[in-house]
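Novice: Sequence:
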Amino acid sequence: MNVTELWTKIVLWLTEHAPVTAAALRSPSPPPDLEGLEAEFGLRLPDDLREWWTCCGGTDPDVLADVLPPFYTPYGAAEALAAWQDHRKTWTTQWDRPACDYYAGSPGSSYHPAWIPIAGDGFADELVVDLRPGPLHGCVLEWEQESAQVLRPEWRGVAAMLAEVHRALSEGVPAGHSYPTVTEDGRIDWQIR
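Numbering-wise, full-length UniProt numbering puts 13 at position 13 of the sequence shown, and it's gapless, one number per residue.
Don't take every hint at face value.
Label-pair distances were calculated between CB atoms; the ranges are [as the list claims (entries may be wrong)]: (1) A78 <-> E146: 18 to 28 angstroms; (2) E16 <-> Y102: 37 to 47 angstroms; (3) V182 <-> P135: 28 to 38 angstroms; (4) S29 <-> Q191: 15 to 25 angstroms; (5) E38 <-> V173: 29 to 39 angstroms; (6) P30 <-> N2: 21 to 31 angstroms; (7) T15 <-> P133: 33 to 43 angstroms; (8) Y102 <-> V182: 22 to 32 angstroms; (9) R152 <-> A124: 15 to 25 angstroms.
If you are wondering where the hints come from, they were derived from the structure by calculation, not from laboratory data.
Even glycine gets a Cβ: it sits at the ideal position worked out from N, Cα and C.
Let the sequences and hints guide you as you build the complete structure.
Specialist: Written as structure tokens, this is what we have:
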């Protein structure tokens, strides 16, 4: 399945089983200016991320919708850019150079400019796509604000992340270290095993 099909199936599953979470999701309107984003980031976005942002517009700004395990709400392209700009302001004033290896998927601290945020937990942790060079270019990392670090790739890319989420929702199996459940009030919740 491609990214658009996976995202559509995830949204349909949420609409049926977790309607409160589904109601928080937005379509990208107007469509994101992906070339403008790439110019701002100074990086070419992976095809799977580009495709996701053409069908996922994030959520209403004041609503958390933990669609991605273990507790992440997807960003639309504009939210991702704003988060990236905030990180750059914060971390470039603290360090001249990120304390990270050169290659994608390697551990690191501070905030690397080649990490593009794609989802947040409503506090400070985020899922980021790692656009450093190397075989894991495009992998998804979990940025932990409190410890100011990433440790290892969570998924090989956005498509792999969405495929695992779809499988977890439709089959009731874990995605990463979390199982999907639905609360009584109709929200998706990921239980850490």
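Novice: Hint by hint, say whether it matches the structure.
Specialist: Do the hints match the structure? See the list:
1. A78 <-> E146: 18 to 28 angstroms: 26 angstroms, holds
2. E16 <-> Y102: 37 to 47 angstroms: For Y102 against E16, whose Cβ atoms are near 45 angstroms apart, the range 37 to 47 angstroms holds.
3. V182 <-> P135: 28 to 38 angstroms: 37 angstroms, holds
4. S29 <-> Q191: 15 to 25 angstroms: 33 angstroms, violated
5. E38 <-> V173: 29 to 39 angstroms: 35 angstroms, holds
6. P30 <-> N2: 21 to 31 angstroms: Because 22 angstroms falls inside the window, the suggested range holds.
7. T15 <-> P133: 33 to 43 angstroms: Since the Cβ atoms of T15 and P133 sit about 39 angstroms apart, the hinted range of 33 to 43 angstroms holds.
8. Y102 <-> V182: 22 to 32 angstroms: 42 angstroms, violated
9. R152 <-> A124: 15 to 25 angstroms: 19 angstroms, holds
Going through the hint list in order, the structure does not satisfy hints 4 and 8.
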